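Asker: If you want the building blocks of each chain, they are given just below.
Number of protein chains: 2
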Amino acid sequence: MTVLILTSDEDVTADMVVARLYATGTPVLRLDPADLPGKATLSVEYRDGDVHGDLSVHGRTVCVHALRSVWMRRPGEPAAHAAHASPWLTAETRQALFGMLHSSPARWMNHPHSAEQARLKPWQLRVAHHSGFAVPPTVFTTAPRMAREFAEQHREVVVKAASGPPRGGPGPELMLPTTLIGPDADFAAVAAGPALLQRYIPKRADIRLTSVGTRLFAARKTAEPHQIDGRYGDTGHLWEPVTAPERIQASVREYVTRAGLAYAAFDFAEDLDGTWWFLECNQGGQFGFVELESGLPISAAVAGWLTDGDGAE
Amino acid sequence: MTVLILTSDEDVTADMVVARLYATGTPVLRLDPADLPGKATLSVEYRDGDVHGDLSVHGRTVCVHALRSVWMRRPGEPAAHAAHASPWLTAETRQALFGMLHSSPARWMNHPHSAEQARLKPWQLRVAHHSGFAVPPTVFTTAPRMAREFAEQHREVVVKAASGPPRGGPGPELMLPTTLIGPDADFAAVAAGPALLQRYIPKRADIRLTSVGTRLFAARKTAEPHQIDGRYGDTGHLWEPVTAPERIQASVREYVTRAGLAYAAFDFAEDLDGTWWFLECNQGGQFGFVELESGLPISAAVAGWLTDGDGAE
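Going down the list, the protein sequences come from chains A and B.
Residue numbering for the first sequence follows the working numbering, starting at 1 and increasing by one per position.
Residue numbering for the second sequence follows the working numbering, starting at 314 and increasing by one per position.
Keep in mind the hints are simulated off the structure, nothing from the lab.
All figures in this text were calculated on a predicted structure; none of them were measured in a lab.
Please note that the accuracy of each hint is not assured.
In silico negatives: residues of chain B with every beta carbon more than 12 Å from chain A [stated by the list, open to error]:
no., residue
1, V325
2, P391
3, T535
4, P558
Okay, derived cross-link-like pairs now, DSBU-like style, lysine-lysine, Cα gap no bigger than 35 Å in a straight line [to be verified]:
no., chain 1, residue 1, chain 2, residue 2
5, A, K160, A, K221
6, B, K352, A, K160
7, B, K534, B, K473
8, B, K534, A, K39
Idealized CB from N, CA, C, for every residue including glycine.
Sequences and hints are given; from them, build the entire structure.
Answerer: Structure follows, in structure tokens:
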């Protein structure tokens with residue numbers, strides 16, 4: 001029974017998990033859907049009332065029924081590397097690959113449908129609230145008046161991207177750090193593109209909590225006074241293991257159950273009173289940097305889940 | 314309580330339903346997500362543990378909690394018509410619009426997650442089989458050898474697109490009719506793009522069965538001998554109402570329940586013995602042409618579902 005890892009070639013986080021899987025002797029097939037067709041071939045056949053499928057990468061062939069799990073780590077667009085790439089070839093190749101995989105009995109980390117829903121920020125905030133987290137007031141608007149009223153009400157607000165930084169453009173990847181603004185900002189540009197504004201939480205630490213199946217790994221990094229976004233640049237502090245309060249652990253379990261996520265990376269701001277405020281839950285968040293600094297055994301947990309699930313089967 | 318219709322401006326099928334909704338006095342808001350932001354504004358705010366959202370189109374504003382239903386008819390890409398359109402603006406605008414709509418209590422025709430899965434052909438064939446339909450053997454492959462062996466085994470096979478015709482290119486829309494081929498065809502090109510091959514079913518009629526909630530509308534069009542694809546060109550025959558066999562009705566209900574579809578358009582080939590063979594189920598299939606020829610009241614049924622659901626609530 002093989003673990004299928006869908007990701008691009010350069011992915012250190014995936015490398016860490018692959019090393020663990022090799023160490024335990026679990027067969028692994030790694031594929032970037034962008035290399036389909038070309039470096040890989042696939043066939044899916046419907047006959048006798050069932051779907052039979054084979055996937056071959058670098059001469060190794062795996063039957064779709066022999067897939068133990070699928071890790072949607074950071075897959076490229078299907079057929080993106082093809083000699084005659086086109087939106088249509090991408091659509092056809094997606095049909096072939098995911099049509100086949102959706103017919104396999106494999107576990108998913110994460111299932112594409114759960115992942116798609118879990119990416120939506122407004123949806124996240126509502127589920128976070130219903131899971132018992134403290135959630136800062138947030139507005140997402142194309143109306144300058146709404147943005148200004150929100151900033152006037154809360155005085156200090158941060159503006160951030162809902163979908164992450166722009167990718168895939170011609171230039172270098174843009175960094176888009178969360179930025180603090182006040183009610184005197186110019187909100188006219190909001191009409192040209194939706195802005196996500198959130199009440200600023202003065203914090204004494206950033207928290208990254210990684211959920212893998214039923215296991216939780218929390219890390220804490222002290223924040224400088226008035227620090228807004230600790231993701232970019234060196235703050236002089238490192239990620240250190242921390243024990244999540246029991247109330248937070250219960251909320252995390254509630255959230256991932258509602259969202260149907262086998263893997264999730266939660267970001268919290270720890271305020272001056274010690275409250276953990278839910279900022280976001282990234283279903284595809286990196287964990288390599290946290291593991292390297294904190295020593296938390298996240299890649300081993302991911303490898304374990306891909307091999308055995310939560311051990312319940 | 315308002316019905317939200319997400320579709321492009323030119324959509325005769327939507328026009329038919331809008332006319333029905335107007336006739337019954339049901340408030341309607343029609344929006345092409347491509348016109349966001351610009352012709353429409355939206356705000357979604359998280360406060361006090363709930364999501365509040367407003368959507369304004371042409372000066373009419375609807376609260377997200379006052380949405381009765383959302384019809385995903387043929388929506389454009391979010392922000393595609395924006396002055397500074399970009400993949401990132403599309404991603405942010407999708408976040409804002411669908412994040413808001415996923416927080417509303419509205420019924421969906423169809424829910425995006427069900428729609429996404431239901432588009433996958435290999436998945437369709439398996440679900441069709443488990444729902445009791447007769448399904449022709451099919452292969453979907455990037456391996457020329459597999460394609461040739463399939464054609465040799467079944468002698469007469471059709472090749473078709475899995476994802477529909479190419480769209481959105483610079484030239485006119487390409488037509489891609491299903492084509493009959495034999496085992497002597499050249500299968501080398503299969504390595505460059507996956508090919509979907511299916512055993513040819515000699516047929517005496519095409520069947521289009523439209524499922525709207527719990528209501529079924531079947532139409533039949535006589536086929537010329539040796540006709541392959543009756544969708545393009547004039548065959549001299551019209552769509553006429555027909556009663557679906559009870560076994561087919563039961564299978565349709567099973568399929569749409571498994572797939573979670575409020576709307577679905579099934580295509581069958583009626584063979585020389587009268588068996589209906591499942592060819593595909595298009596969760597977003599047109600129905601205007603069938604209604605106009607056959608007189609089947611499909612648009613009224615869609616309007617009814619958008620207004621009242623299946624009447625069960």
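Asker: If a hint holds in the structure, say so; if it does not, say that too.
Answerer: These are the hints, each one checked on the structure:
no.: 1; hint: V325; result: holds (25 Å)
no.: 2; hint: P391; result: violated (9 Å)
no.: 3; hint: T535; result: holds (28 Å)
no.: 4; hint: P558; result: holds (20 Å)
no.: 5; hint: A/K160 <-> A/K221; result: holds (20 Å)
no.: 6; hint: B/K352 <-> A/K160; result: holds (24 Å)
no.: 7; hint: B/K534 <-> B/K473; result: holds (21 Å)
no.: 8; hint: B/K534 <-> A/K39; result: violated (44 Å)
Going through the hint list in order, the structure does not satisfy hints 2, 8.
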